[in-house]
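Asks: In the order they appear, the protein sequences are chains H and W.
Residue numbering for the first sequence follows the working numbering, beginning at 83 and increasing consecutively.
Residue numbering for the second sequence follows the working numbering, beginning at 83 and increasing consecutively.
No wet-lab data here; the hints were simulated from the structure.
Among these hints, one or two may not hold up.
Same chains, same names: a pair is fine if it fits in one copy or spans any two.
[As the list claims (entries may be wrong)] Calculated cross-link-like contacts (lysine to any residue; reagent style SDA-like; alpha-carbon spacing at most 25 Å):
1. K200 with Q222
2. K261 with A279
3. K104 with D168
4. K261 with R193
5. K104 with V138
6. K104 with P130
7. K200 with A169
8. K200 with R211
9. K200 with F260
10. K104 with A170
11. K261 with T218
12. K261 with D285
13. K200 with K261
14. K104 with A169
15. K261 with A202
16. K200 with A214
17. K104 with G171
18. K200 with R215
19. K104 with L116
2 protein chains.
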Amino acid sequence: MIFYSNWRSLAAYRVRVALALKGISHTVMPIDMLGGEHLLPAFRAVNPQAVLPALVLDDGQVLFQSMAILEYLDEIATQPPLLPADAAGRARVRGLAQIHAADSHPLLVPRVRQFLQKDAGMDDAGVQRWIARALTTGLQAIETNLVTSPQTGTYCHGDQITLADICLSSHLLAMMFFKIDDAAFPTAVAIHGRLMALPAFADSHPLRQPGAPS
Amino acid sequence: MIFYSNWRSLAAYRVRVALALKGISHTVMPIDMLGGEHLLPAFRAVNPQAVLPALVLDDGQVLFQSMAILEYLDEIATQPPLLPADAAGRARVRGLAQIHAADSHPLLVPRVRQFLQKDAGMDDAGVQRWIARALTTGLQAIETNLVTSPQTGTYCHGDQITLADICLSSHLLAMMFFKIDDAAFPTAVAIHGRLMALPAFADSHPLRQPGAPS
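This is chain H alone, in the form it adopts within the complex (with noise of 0.2 Å):
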């Protein structure tokens, strides 16, 4: 399969943490998202919608959106899995990752930066208050209900890393991305410390990727 990805993207850092920690064979094809290489018809022809990261089956499917490609990826590989077995084990993940993924996330992603300049024109401290708001409320909620839950463990959900935990990283990732207070978070700034122990996750840090700064 191709991974289309890039080193800033969060979503494709999702991704590319779940391929290593399956070890799945798969050719990396990076995208120059900063110079605006996801916009130009060469990519907009593999993935329409002209965001990261798209994964291309060898059938020539091609898979979109970071969340349907984890879960795919945990249905195809199912080693080590990445949900719990029990349904509501299942549900709580995917909820702690849904916070990340669908509430927080999307407020910060480039396109929408630009928005928020270009078109509002929100000065730097605005956009800077926009993502410590969409960030900090995002990781109140997870703190809370990793602080609460008796289902917490050595990550996220027991002692099994799950998609929850893919998603805790890719936001403690993006807190440090825009310098972002956590230490008002111990449990996640914890788990995220302990996932960072891991080479699939130290490995796949957008810092240490092909085009990233030094």
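Use these hints to put chain W onto chain H, whose structure you have.
Replies: Just chain W now, with coordinates in the frame of chain H:
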């Protein structure tokens, strides 16, 4: 189970449709979102994120995030299935669903619109442009996929109702709420028309819920 809902919440609408399609017995607990009831301690004790919907299971576990709840309902009540039988098909359905749930809809929710108006000082016309852009770019991606994929059928994916249809319907209801022209998206509009002819969708319509304006 107890379903914390609000007539206007599109995330609640998505769960309402799934409950109806599967005929799952539940108690509805309406929360006055426009009056800020979701921000009060009583509801925060249910869902600390203070957003709708939430689904409280009989054992007390609280499920949150609409897409996580939909997957849960599909797992505990398998008929009719809301996902196709093959992994690649499921990836397409989840991808289409996430374009709405993780790209477009997060930009429209009341807390985001309020932030744009109060903190960013965006005027009504600016907010309307913001909403229109979020909805039309997402629907353009969905429409292109629907038009070009041989897997599109009576509904988004063949002739079976899936998560993609529930989210498409949510998307088109948002277009209606905000008076965004949908003429450029005939395939999506036609599918939505077929969905709205079904009782599970029609009876779940936001304007047919308790508390909705007449």
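Asks: Taking 25 Å as the upper bound on the Cα-Cα distance, should K261 and A202 be classified as within, between, both, or neither?
Replies: Both: 23 Å inside a copy, 20 Å across copies.
Asks: Given a CA cutoff of 25 Å, do K104 and D168 count as a within-copy pair, a between-copy pair, both, or neither?
Replies: So K104 and D168 pass the 25 Å test inside a copy (21 Å) and across (20 Å) alike.
Asks: Cα distance capped at 25 Å. Does K261 pair with D285 within a copy, between copies, both, or neither?
Replies: Close inside one copy (21 Å), not across copies (46 Å); limit 25 Å.
Asks: Please sort K104 with L116 into within, between, both or neither, judging by C-alpha distance up to 25 Å.
Replies: Intra 29 Å, inter 44 Å, cutoff 25 Å: neither.
Asks: Checking an output row: K104 and P130, CA cutoff 25 Å. Within, between, both or neither?
Replies: neither (28 Å within a copy, 33 Å between copies)
Asks: If the cutoff is 25 Å on CA atoms, where do K104 and G171 land: within, between, both or neither? Let me know, please.
Replies: The answer is both: 21 Å in one copy and 21 Å across copies each meet 25 Å.
Asks: Within, between, both or neither: how does the pair K261, T218 come out at a Cα-Cα threshold of 25 Å?
Replies: within (12 Å within a copy, 32 Å between copies)
Asks: Could you place K200 and Q222 in one of the four classes (within, between, both, neither) given a Cα distance threshold of 25 Å?
Replies: Intra 30 Å, inter 22 Å, cutoff 25 Å: inter-copy only.
Asks: State whether the alpha carbon distance between K200 and A214 is at most 25 Å within one copy, between copies, both, or neither.
Replies: Classified as both: same-chain Cα gap 19 Å, cross-chain 16 Å, threshold 25 Å.
Asks: Since the copies are identical, ignore which copy is meant and state whether K104 and A169 lie within 25 Å (CA to CA) inside a copy, between copies, both or neither.
Replies: both (22 Å within a copy, 16 Å between copies)
Asks: Give the relationship of K200 and F260 under a CA distance limit of 25 Å: within one copy only, between copies only, both, or neither.
Replies: both (19 Å within a copy, 22 Å between copies)
Asks: Using 25 Å as the alpha carbon limit, work out where K261 and R193 are close: within a copy, between copies, both or neither.
Replies: both (20 Å within a copy, 23 Å between copies)
Figure legend: structure checked against the earlier numbered hints; hints not met, in rising order: 6, 7 and 19.
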